[in-house]
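Here's the letter readout for the chains.
There are 2 protein chains.
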Amino acid sequence: MPLSSETPAAKVKPKETGAALLSAFGRARATVPGNPLSPDEVAKTHAFWRACNYLALGMIYLKANPLLREPLKPEHIKERLLGHWGTSPGLAFIYTHLNRVIRREDVDMIFMAGPGHGAPGVLGPVYLEGSYSEIYPDKSEDEEGLLRFFKQFSFPGGIGSHCTPETPGSIHEGGELGYVLSHACGAAFDNPDLIVSAVVGDGESETGPLATSWHINKFLNPVRDGAVLPILHLNGYKINNPTLWARVSHEELEAFLRGTGWTPYFVEGSDPDTMHQAMAATLDQCVADIREAQREARSSGKAFRPRWPMIVLRTPKGWTCPGDVDGHKLEGSWRAHQVPLADVKKNPDRLQHLEAWMHSYRPEELFDATGAIRAELKALAPTGLRRMGANPHANGGNVKKALRMPDFREYGIKVEKPGTTEAENCRPLGVFLRDVMKENMHNFRVFGPDETTSNKLQAIYETSRKLWLEETFPEDADGGELAPDGRVVEMLSEHTLEGMLEGYLLTGRHGFFSTYEAFAHVIDSMFNQHAKWLTICNQLPWRAEVASLNLLITSTVWRQDHNGFTHQDPGFLDVVLNKSATVTRIYLPPDVNSLLSVANHCLKSEGYVNVIVSDKQMHLQYLSMDAAVTHCTKGIGIWPQASNDQGEVPDVVIASAGDIPTKEALAAVDLLRQEFADLKIRFVNVVDLFKLQPDTEHPHGLSDKDFDSLFTIDKPIIFAFHGYPWLIHRLTYRRTNHRNLHVRGYKEKGNINTPLELAIQNQIDRFTLAMDVINRVPRLQATGAHAKEKFRNLQIKCINYAHEYGVDLPEARDWKWPY
Amino acid sequence: MPLSSETPAAKVKPKETGAALLSAFGRARATVPGNPLSPDEVAKTHAFWRACNYLALGMIYLKANPLLREPLKPEHIKERLLGHWGTSPGLAFIYTHLNRVIRREDVDMIFMAGPGHGAPGVLGPVYLEGSYSEIYPDKSEDEEGLLRFFKQFSFPGGIGSHCTPETPGSIHEGGELGYVLSHACGAAFDNPDLIVSAVVGDGESETGPLATSWHINKFLNPVRDGAVLPILHLNGYKINNPTLWARVSHEELEAFLRGTGWTPYFVEGSDPDTMHQAMAATLDQCVADIREAQREARSSGKAFRPRWPMIVLRTPKGWTCPGDVDGHKLEGSWRAHQVPLADVKKNPDRLQHLEAWMHSYRPEELFDATGAIRAELKALAPTGLRRMGANPHANGGNVKKALRMPDFREYGIKVEKPGTTEAENCRPLGVFLRDVMKENMHNFRVFGPDETTSNKLQAIYETSRKLWLEETFPEDADGGELAPDGRVVEMLSEHTLEGMLEGYLLTGRHGFFSTYEAFAHVIDSMFNQHAKWLTICNQLPWRAEVASLNLLITSTVWRQDHNGFTHQDPGFLDVVLNKSATVTRIYLPPDVNSLLSVANHCLKSEGYVNVIVSDKQMHLQYLSMDAAVTHCTKGIGIWPQASNDQGEVPDVVIASAGDIPTKEALAAVDLLRQEFADLKIRFVNVVDLFKLQPDTEHPHGLSDKDFDSLFTIDKPIIFAFHGYPWLIHRLTYRRTNHRNLHVRGYKEKGNINTPLELAIQNQIDRFTLAMDVINRVPRLQATGAHAKEKFRNLQIKCINYAHEYGVDLPEARDWKWPY
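In order, the protein sequence lines correspond to chains C and U. Here the first sequence is numbered in the working numbering, starting from 218 and rising by one per residue. Here the second sequence is numbered in the working numbering, starting from 218 and rising by one per residue.
Some clues are possibly wrong.
Repeated chains share a single entry, so a pair holds when one copy, or any two copies, can fit it.
What the hints assert, rightly or not - Listed below are the simulated DSBU-like cross-link pairs for lysine-lysine, each with C-alpha atoms no more than 30 Å apart in a straight line: (1) Lys932 / Lys922; (2) Lys631 / Lys821; (3) Lys964 / Lys368; (4) Lys280 / Lys966; (5) Lys563 / Lys546; (6) Lys295 / Lys1014; (7) Lys280 / Lys290; (8) Lys966 / Lys821; (9) Lys295 / Lys368; (10) Lys964 / Lys821.
Source of the hints: derived by calculation from the structure; they are not laboratory data.
Looking at chain C on its own, in the form it has when it is part of the complex (with noise of 0.2 Å):
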């Protein structure tokens, strides 16, 4: 099997088409010539390899005789055969192949397995190098352990075949494809002696995310950053279909790659000694790149986009698999997807071909008598903190470093009188941000779609601008802000921004993220994804806590002038809300100060995604810094200036979260006290929203006392709230007085509206608010003698302000008295 390095790879031919290679596999073509290894090499590296293919199989198929000590019996065999082969041999030949480079040139690299179901593909040489039994000591370098090690795998209780939260070295888990590129970026920001190996899977490349996100090119800078190389792993085949890019010309994928920056080389084939020869030489070359890239940018100082290497491997789908069964191709299709060989249980000649497909490893060789790998074999994995599955950037919770943050309280404004002042809610964050930025010059980023100024955050551009790697014009200068060592990560690609931001904070960075309220739900998927990573994290004791995602949700529903109908959407809570409670905090500040004050506050914070939802424009303030940070504190609380129960029980309570919902809550109690002064209105404002969900379920949540005290066992509550409504209810149902709650929010009403009608149409405005008061409290009637009558005051005075604000509002003519 060893080669000698007298049989080079052969060289790839431009215009062959991907057909020609893939359907007849054979010796290495490449991009790169020579034959850097020794025969001796080839031969270690093959062995490694075997061993981590065998470990592989031994996952996928077995509960017993995990060295295939004594010959293969049923009963050696899993009761259920779960599982991806697929891809799990071209991982472990790159992730082998990456050893030898990170040996040879003490590489500080971590590895991201993109395609699907890659598990098994990382975790054989992640055992095999030793850092899994360390952290997982019963599953130990010996016989008994390895077969901890497989029976675990896919198995009740056990772990899956991605590379979830339990994998030593992952913080790409593959579960949902396409973010394997932006992910990588993130980790390289900020890290510059850091090469991210980034293996994207071919499946994984048709996705939307990971096809903008070949762009990463543009935002990593060759003096402050690391790198990321990629490798694109044409295997073929998805589930049951081939890929795209699979079976495009030579030409094709090659001018594809090129056009998004990259400079590809190619290793194409199935003969495994040829093979190795070409990974290593083409693997010696981008190293090579990377670093004289590097080179030129950090001693001249100067940032310039490199045409950065990336691979493209070419092997057979399930490569060393048996070539067919059944008289059906198999090695090169997809049915090497998952379990190649099923039924092995209970078909005698099926199990003897996979004995027979196990025995071709040679695990005899590979392990010694204890069964632990051979000490020889070992030697080929980096030791310590090189190795892939013990690199410290990849448990960033160990290398994080606190923020230094101003105080927040000195970019407060001064709010003298509550409701007097208004002022953009965003702006002042900005100021904060900036300064936030100019402390932490090396560990925090800010990330926009191209919203950073829309959302009133430019200040941020006085200590950093946008990062801006290619060319610039001479008008830029004028106001552009752009520049290469920008610290502002802005492009037109939500997906691609999140993922950048998750692998920062993954390798123990922190960021903050604003973003258009309706196209959150762009990565809905995505934060759905992190914060189930984070969730299980919480649950492994040697994952250390990483900075919270910080994700501001601005240029809310409320206004959408011109945008219309398809910027209103304040559904994003809704897919927070069914996360674990472990890991959601969403804020509703309703100005400045207190935006501030929950801003400070999730900086700071580790280990959740925290939702801040406040928009852009001109509003109302209300709170002085003080009673802001009293008022974040608490989270919720009844605000005296708008109250008048002192002391008392409440004819009503009137609640808001969200500016808008709060200004025109404020207004309803203004015009209802001014007709109705004796009526007893208690105010509550929410801006932590999980306080109003039981303590049982929420850690913030408030103990039923809490919650009555605030909001009374019996008396009717009006809520105004800045989402759906009903999302209030879902988080109040259990609640004491929930049969007298009654809330307003945004009901899929709108188009092309000023704020107050746009209020109006949702039925969230002050004069709808003030009627359902009205409605809602009969002690009303009793409030003096001229009820009526100042319920006919109240209603003129709704048209009349309504009309002056240019709305018309005919359903007010006809409000009815209604006791």
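Assemble the complex: chain C is given as a structure, and chain U must be docked to it using the hints.
Relative to chain C, chain U alone:
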């Protein structure tokens, strides 16, 4: 201004960078040589475009003096300036030139504006061609109508700045970016004579969904389908940033586009006259290329993948606006994105600046005395149904043909005794879809992200295979199911498939999309936008109803043996519920026959998004076909065989929605029945989820009376739900008996588990449900002398049963008789 044909457009030099072109615009450079327009044609074409640009400005600025027949005064200017100029001239330029080619070649063409806020550039030519006034007669083709047309734009109660449903000829709003190519592809499917012009914004081109949708050329069959003509409009800037593609070298951009399989023709410059020549020559070339590819394929009957033509149109942002304002660059800068000259109402200099700019289009030469466009210019637009604002394909409901439907009852399975046989729920649906396909081989398609077989729908391939136009290998013949005329569209991009399906439906056809439940979240935002589109269409009498979007959500949360936590997410339903009740429908058929009945109903329906949740695995069967039809028609009902409350008020209502929850709930009934034979249980199953909501909220909702008669007004209800449990509370919080409703569902607890374990972790299992009943029905204490003993028996049974399935049920040992 008119230019003679002696001044040809220059040839694009491949090595030149974007920067060289964009920073210093001037005479056109183009890939295609030639000057096909006579000087008179240039002059007229230019005049038509000037009229478009004038209208765009009028929409943004004017509320009086629409034809500038008197000097411009502050009172002519709108109070608030909203709308986007930046992309408009480019869109109008394209539209104007498409008009020419439509007339010249009698092309059947529709137009899609991908760039955000493009409406002013589209509404202008749609108004000029007369199709606007036909639909909206008050926006007549005279001065008065023109003024109304101006005033409504971005005005409260008027129309938005995207190509909203109110826009004649639009089936693509462009409010959320990224979907123009997939929409265009869907529209072109099975419309062999149609060319869909799809303008891709360079901002939009950074999104993931757009980036992968360049692949649509691998799905357009030149024999059977129409063509998509992408026009990448590089105007260089987003809101505040340069775009990535506008700043790479010509070489990279061209390589990228060729790599994605297109033949790009470049048209670059700012000088109008040479640009008119270049664009005309290029469009002639593109239409010729398209026709040639189609001729070749159709004459031979052999489908292949042409390297379809596309256009890269590089023009300045805000083209033809003033070059600068207050010393800052305006034309060709991000400053031209929205309203280029602000403050015109109060600042007399600005007003004058605006007036001069508007006069630069010489409106007096464009409109006649009545205010209509001059006849010789109007003659440049096509007439009748060839006008892109009047093309029937863009109001698809009018060209829709009803599906021919086989009798779904014939695809059912025999269910003699409920709960005794098992079947894979999705498999017979595949057979049914196969025959629906057979009857509708020109207007029905099935979509799935590489999961059609995984989702057990593969019978469909017997009628039509997977659409595949790339290379095939010999081994594909063995089970590959690939064919160039396949009608099953598979690509690993939920975005692209959803976009194709939307485009297909909006042009009057029918379709069915199946996808993994957890990853339906990938298209949350697309669903939102489509639901919003349908909601607005319902308010427009001229929009004919299109077929519903049918989405089968499968591979559900409750069975994810090795996929694990990442694949457990039933939250798409929460997203659906937020959208308008007029367009949303959700079904959870529990077995084969009910799934068939529901699918049949959905395929025949119009105007909705139908979401069907059904797992693909083996499940118990409950309903005979007759019973299924009756049950699904009602949408909710008592299952008498599982109930023993005949004619009486029960002790408890046990309810379920979804396959696994129904199984567990029925098993709980069985467990309870064994020990507490006289406990009166009513079993209610919900197929149509919106039945739970009040009829005031959703047209499917039960009246309170009907709800109360099913769920009682005071008995405990134990509800086993497929999704997140609080969703049921959200639907029912207004119901009389809501306080006694106890819901079990998925609570974000999971990893690698057996279905029973997963159910137990989330407390939706039979044991927990039985305990829930015992804990809530005090009467149980009186159900016999030995109630406590019966409870002990039940406890032992539960523990033993769980043990039998390999699940430990430790908490069962702690169960206490609660009375």
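Identify every previously stated hint that the structure contradicts and give their numbers, smallest first. The structure breaks none of the hints.
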